[in-house]
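Counting in this note's numbering, the sequence shown runs from 1 upward without gaps.
Hints listed in this document are in silico derivations from the structure and should not be mistaken for laboratory results.
Check each hint, because a few of them may be wrong.
Stated by the list, open to error - Ranges between beta-carbon positions, derived for each pair:
#1 L153 to L266: 25 to 31 Å
#2 A42 to R267: 28 to 34 Å
#3 T148 to P271: 41 to 47 Å
#4 G247 to L153: 21 to 27 Å
#5 L153 to G48: 42 to 48 Å
#6 R39 to R66: 17 to 23 Å
#7 D35 to G253: 35 to 41 Å
#8 V55 to G247: 32 to 38 Å
Note that the Cβ used here is the ideal one computed from N, Cα and C, for glycine as well.
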Amino acid sequence: MTDVVVVTGAGGMGVAVARRIGGGRTVLLADAFPDTLDRAVAALRAEGYAAKGQVTDVSDGPSVVRLAEAAAAEGRLTAVVHTAGVSAATATVGQIMAVDLLGTAHVIDAFEPVATHGTALVCIASMAGHYATLTGEQETTLATAPTTDLLSLDVVVRAADLEPVMAYILAKRANQVRVEAAALAYNRRGARINTVSPGVISTAMAKAEQQGEAGTHMMASLTACGIGRTGTPGELAEVVAFLTGPGSLYITGTDILIDGGQAAWLRRHRPRA
1 MTDVVVVTGA GGMGVAVARR IGGGRTVLLA DAFPDTLDRA VAALRAEGYA AKGQVTDVSD
61 GPSVVRLAEA AAAEGRLTAV VHTAGVSAAT ATVGQIMAVD LLGTAHVIDA FEPVATHGTA
121 LVCIASMAGH YATLTGEQET TLATAPTTDL LSLDVVVRAA DLEPVMAYIL AKRANQVRVE
181 AAALAYNRRG ARINTVSPGV ISTAMAKAEQ QGEAGTHMMA SLTACGIGRT GTPGELAEVV
241 AFLTGPGSLY ITGTDILIDG GQAAWLRRHR PRA
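Kindly produce the complete structure, drawing on both the sequences and the hints.
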């Protein structure tokens with residue numbers, strides 16, 4: 001039986017992940033934009049990967065269910081890596097909630113029924129999620145509320161009045177806690193689920209974020225924390241390969257921070273006003 005890898009998002013992170021873990025497997029790549037998807041699939045096929053594409057809008061639950069069913073029909077579901085998302089620099093608050101918050105919940109829900117022994121799901125969250133200032137009750141609600149209720153939760157409705165950056169922080173924290181809550185159901189299927197929270201990874205989306213004032217501060221903190229550079233998609237893909245491979249069989253329901261020490265500097269060394 002063929003091993004199947006699903007990657008949502010045909011951008012820099014998604015293609016890097018597909019290259020890293022897709023060798024000798026069927027790679028089912030999903031993206032909301034057909035042209036982007038076709039280019040990525042063609043590039044992977046030219047490099048010898050058994051790649052297929054499926055247009056998928058993660059903000060639409062049935063679209064994600066169709067992706068999960070197609071993946072299960074291809075063979076043994078080995079890994080699912082959810083990289084699809086939008087940026088606070090280029091998206092509205094509504095788009096952030098629909099794609100980054102609700103879309104991740106759809107992926108978690110759709111792939112749990114088709115997960116089998118050995119399946120590993122990794123959702124790309126963000127370092128930003130570590131800076132959410134939510135109450136314990138709010139986090140519990142975000143973690144456990146039915147997906148159909150997510151956009152109507154008070155904490156999410158109030159996000160409409162926030163700047164996109166703050167909405168993004170909320171959405172990414174919701175990703176982290178929702179994966180924590182989903183670990184039990186995945187464990188019962190012999191599967192695993194984790195989040196990876198990257199800092200600044202050198203992708204087209206990150207470059208767009210660097211153009212604004214927030215990006216200036218972000219780049220300055222990379223210098224101040226001592227790393228002095230952005231991360232690469234390949235470095236993120238290595239962590240994903242670990243979390244979807246045999247060396248991490250006892251790791252589930254947790255978050256791995258990949259940020260070059262930026263969060264540590266912000267917490268322990270940033271000058272206080």
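How the hints compare with the structure:
no., hint, in the structure
1, L153 to L266: 25 to 31 Å, "holds (28 Å)"
2, A42 to R267: 28 to 34 Å, "violated (43 Å)"
3, T148 to P271: 41 to 47 Å, "holds (45 Å)"
4, G247 to L153: 21 to 27 Å, "violated (37 Å)"
5, L153 to G48: 42 to 48 Å, "holds (45 Å)"
6, R39 to R66: 17 to 23 Å, "holds (22 Å)"
7, D35 to G253: 35 to 41 Å, "holds (36 Å)"
8, V55 to G247: 32 to 38 Å, "holds (33 Å)"
Violated hints, in rising order: 2 and 4; the structure is consistent with all others.
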